[in-house]
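Visitor: Letter by letter, the chains look like this.
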Amino acid sequence: MDWLFLAEVLLAGLGAGSLYALAGVAFVLIYKATRVINLAIGEILMLGGYVFFGAAAAWHLPAWIALPVAIVAGALVGAVVERLLIRPMLGESPISVFMVTIGLGSILAGAVQVIWGADPLRLPEFMPNTPIFIGDAYLAPKVAYGFVAAMLIIVAFALALRFTRSGVALQATAADQGAAYSVGINVSRVFSLSWIVACAIAAGAGVLVGAIGGISPTMGIFGLSVLVVVIVGGLDSMLGALVGGLLIGIVEAFSGTFLGGEYKFLITFSVLIVVLMLRPYGLFGRHEIERL
Amino acid sequence: MRIGTLKTDYAADEALFDTGLQKCLLALALAGAVLLPFLASPYWLFLACLCAINVASATGLNILTGYTGLVSLGQAAFMSVGAYTVAVLEIHLGTPFLLNLLAGGLTTALVGIAVGIPSLRVKGLYLAIATIAASVVLHFIFSHWALTGGVQGLSMPPARFFGVTMDQPFQLYWMIMPVTMLMVLGAANLFRTRVGRAFIAIRDRDISAEVLGIPLLRYKLMSFAVSSCYAGLAGGLWAYFFRVVTPESFPLVNSIFYLAAIIVGGMGTILGGILGAIFMTMVPEVLKFGAGLVTPFYPDALALLAPVRTIVFGALIVGFLIFEPQGLAEIWRRIRRFFHLWPFKT
Amino acid sequence: MTGAATDVALSVEGVSLSFGGVKALTDVSFAVRKGLITAVIGPNGAGKTSLFNTISGFYRPQSGDIAFEGRSLSGSAPPERAKLGLARTFQNIALFRGMTVLDNIKLGRHAHMRTGLLDALVYHGRARREEIALRAEIEERVIDFLEIQHIRNAPVATLPYGLRKRVELARALAMRPRLLLLDEPVAGMNREETEDMARFILDVKEEWGVTILMVEHDMGMVMDISDHVVVLNFGQVIAEGAPAEVQMNPAVIAAYLGAGELGRRLRSPEAA
Chain A
1 MDWLFLAEVL LAGLGAGSLY ALAGVAFVLI YKATRVINLA IGEILMLGGY VFFGAAAAWH
61 LPAWIALPVA IVAGALVGAV VERLLIRPML GESPISVFMV TIGLGSILAG AVQVIWGADP
121 LRLPEFMPNT PIFIGDAYLA PKVAYGFVAA MLIIVAFALA LRFTRSGVAL QATAADQGAA
181 YSVGINVSRV FSLSWIVACA IAAGAGVLVG AIGGISPTMG IFGLSVLVVV IVGGLDSMLG
241 ALVGGLLIGI VEAFSGTFLG GEYKFLITFS VLIVVLMLRP YGLFGRHEIE RL
Chain B
1 MRIGTLKTDY AADEALFDTG LQKCLLALAL AGAVLLPFLA SPYWLFLACL CAINVASATG
61 LNILTGYTGL VSLGQAAFMS VGAYTVAVLE IHLGTPFLLN LLAGGLTTAL VGIAVGIPSL
121 RVKGLYLAIA TIAASVVLHF IFSHWALTGG VQGLSMPPAR FFGVTMDQPF QLYWMIMPVT
181 MLMVLGAANL FRTRVGRAFI AIRDRDISAE VLGIPLLRYK LMSFAVSSCY AGLAGGLWAY
241 FFRVVTPESF PLVNSIFYLA AIIVGGMGTI LGGILGAIFM TMVPEVLKFG AGLVTPFYPD
301 ALALLAPVRT IVFGALIVGF LIFEPQGLAE IWRRIRRFFH LWPFKT
Chain C
1 MTGAATDVAL SVEGVSLSFG GVKALTDVSF AVRKGLITAV IGPNGAGKTS LFNTISGFYR
61 PQSGDIAFEG RSLSGSAPPE RAKLGLARTF QNIALFRGMT VLDNIKLGRH AHMRTGLLDA
121 LVYHGRARRE EIALRAEIEE RVIDFLEIQH IRNAPVATLP YGLRKRVELA RALAMRPRLL
181 LLDEPVAGMN REETEDMARF ILDVKEEWGV TILMVEHDMG MVMDISDHVV VLNFGQVIAE
241 GAPAEVQMNP AVIAAYLGAG ELGRRLRSPE AA
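Residue numbers (the working numbering), protein chains in the order written: chain A, 1 to 292; chain B, 1 to 346; chain C, 1 to 272.
The shape of chain A in the complex, shown without the other chains (with noise of 0.2 Å):
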């Protein structure tokens, strides 16, 4: 057994999962502050890639004006979504809810192919390239940037849900939206910032997959991945989706390094079904009591 190779596949698939975690914790503060299962949030992701790829390589602005940017247009549209589609469904089913996501996810990706066509491409490169080895073990600089940018991201985000007010209402209301509601906390406004803080999140994330592995209209299946993520997690849990997206990252990197790349899907949703099985609301999802 060569453990130097194992070790490196170990540290690929934790920089992918880093990702899915950053992904996967949009995901869940969504979730948690609307109860809506946000599917579109893959074309979110790639969008913020594009939006970065047209001000970078079109406009040529430096990456450190360009990221801003796009994580900017990820807010913004988050903005835009919740008021213009995500409001109106207040009081609906969950069912439609979701599919209006998905609805989303299409328009998008649509938009997306008739604004940059529908060729994969390559971002400009913005992140220092020398060779990063821990211990003996080599890795990627992008992918070790992107792990610890995502890590970053996450740690001062959970910090933010801890000690500011907006964090706390966000728990709040999350805990319980009628008693957020009548002890002042404006709970629209906390469903605004979700959705504007999750898109931009997205929006960075997606720079960073796009500066990975190259953008194109189909990274929206990036969504399905960080889906199986936040279902293995909890999704209703930070955690879960910081763990989950470790995990999915991982059992990706292994699968696809020793089986092939077409048994990654069916790995990791072959871990979804057991998950569901065992555990139906996710490893670190809270389990609410029905009534009749």
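The hints are simulated quantities; they were obtained by calculation from the structure and are not laboratory data.
Hints may contain errors.
So the derived label-pair ranges between C-beta atoms look like this [as the list claims (entries may be wrong)]:
(1) C:Phe145 with A:Val168: 54 to 60 Å
(2) C:Leu118 with B:Glu324: 34 to 40 Å
(3) A:Gly178 with C:Gly125: 47 to 53 Å
(4) A:Ser188 with C:Ala187: 30 to 36 Å
(5) A:Ala118 with B:Glu324: 28 to 34 Å
(6) C:His124 with B:Gln22: 17 to 23 Å
(7) C:Ser72 with B:Leu182: 43 to 49 Å
Some but not every residue of chain B turned toward chain A, in silico, with C-beta under 10 Å [unchecked claim]:
(8) Thr65
(9) Gly69
(10) Ser135
(11) Val137
(12) His139
(13) His144
(14) Leu252
(15) Leu302
(16) Ala306
(17) Thr310
(18) Ala315
(19) Gly319
No residue lacks a Cβ here, since even glycine has one placed at the ideal position from N, Cα and C.
Dock chains B and C against the given chain A, drawing on the hints supplied.
Guide: Positioned in the frame of chain A, the structure of chains B and C alone reads:
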């Protein structure tokens, strides 16, 4: 206008089509369906067959999702089970097509039951995601199994019926249309009986349904079985229609297509499944026609067709959910109500 | 008071139920006599609805047994109990919103019908005969009885509250009940609606010969129509007997007055 319903026994009141006008419309539609192949061009017959196949599958999904409230994103994968079953039987055994279709439906029903087993523990969106997982597993099996021809898939000979080779839309129409009509009639019948009522009860309040005497798992599985049997039959028809079945013939986006069809048409109504499937099948054709019209002025129109189709598809889902959540069937009902009172109230 | 007595429809013996550490029912025992109206009363949170849910089979008690007509129900799922003739209504109305009044009532008969999946798809033949016979019976026995002919084709979502309660009773009657469990049948009703409902309940008892067990807060109605009253407090039976006796019972008065000085003195162990 309609003055009143003058029924003298319960049987008349329990009938599917109760007014004279409804019966006339139905007779007209049937006559139209019989005459269509003799009047329409092969292109229109091709579309009619495609619509019929989609109606069959959407009706099946409507039973599961619209009536029983179990969301499935696996309808296309279920269709692939039926399509492969039919293709394998046709290639290796050459059995009559009706038998093959039936076998396709039954095989898919069994697969559907297996997928439905978690439905007692796993609810709502978790179940939808479990059906995606099932689709992934089925896709993997079909692209790795020698019997199903791996990634190349299977090419199959056309169906034969008393010496007639069914390889043109004209002949296929006579296979696809009657089968679809029987399936739709069956679905309509289902909801006149205790089985259909049990499905709706499970959708509306599953726990109370149980206390009222409906065994949940049994009826949920029954709904999965009927729905996937319909998908399997539709997939079998699809296989005879296109005669090439590959793992990529039934992608996840097709499952979303059927879900979109019942949303646009109207969930939980038989008419909704029919209208929605026809509407969603025709939208790309209308767009293609539109692109043809603007090409002289804007030469790139055809290149934009695919992404515009994706956008329109999404916009239809979103638009109907926000503005007309009961779908086309509700629009139809509004029109009918208007004429019930016309011309005294407009 | 044991299940062996032939005139006992339902006997609850030593039933205890808890959720996590919270005790909902503690060693509850009582009997429901055939052909009578038994009422369960008690302050909010006394465990009345938990008791109903346990009888329906929705909750499994940790200990104790419930027997219906001398036969233990433990181990039978809610649908089986429905088939045996246990019908119920719900505190916060559990009608099926997507169906008409008629379909809601028909649904009650589910457990006693035979139509299978294939019959249903074909419809003509067995399913049709059964449906039409059902329709006739429901029209003549249930809809006429409860005076709801005018709304039979209305979607339940459009009905006012009082009528919904009546439709729910109609559905329970369509279940061919031998024991009818009514969870707060007149809650939220005005005086007139309450009187109508009380009359229907008495008629069900007298004309249909159905045994009735009900939970109700409206003391006036409970005292008027019930034959036997069981009082629950904090998940325990604190008193039972004829309405007049129960009304005078100091433990009951204390329970309703709460834990005031009087209450504390009266809630002595022997009263429980």
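Visitor: Going through the earlier hints one by one, which of them does the structure break, listed in rising order?
Guide: Those not satisfied come down to hint 15.
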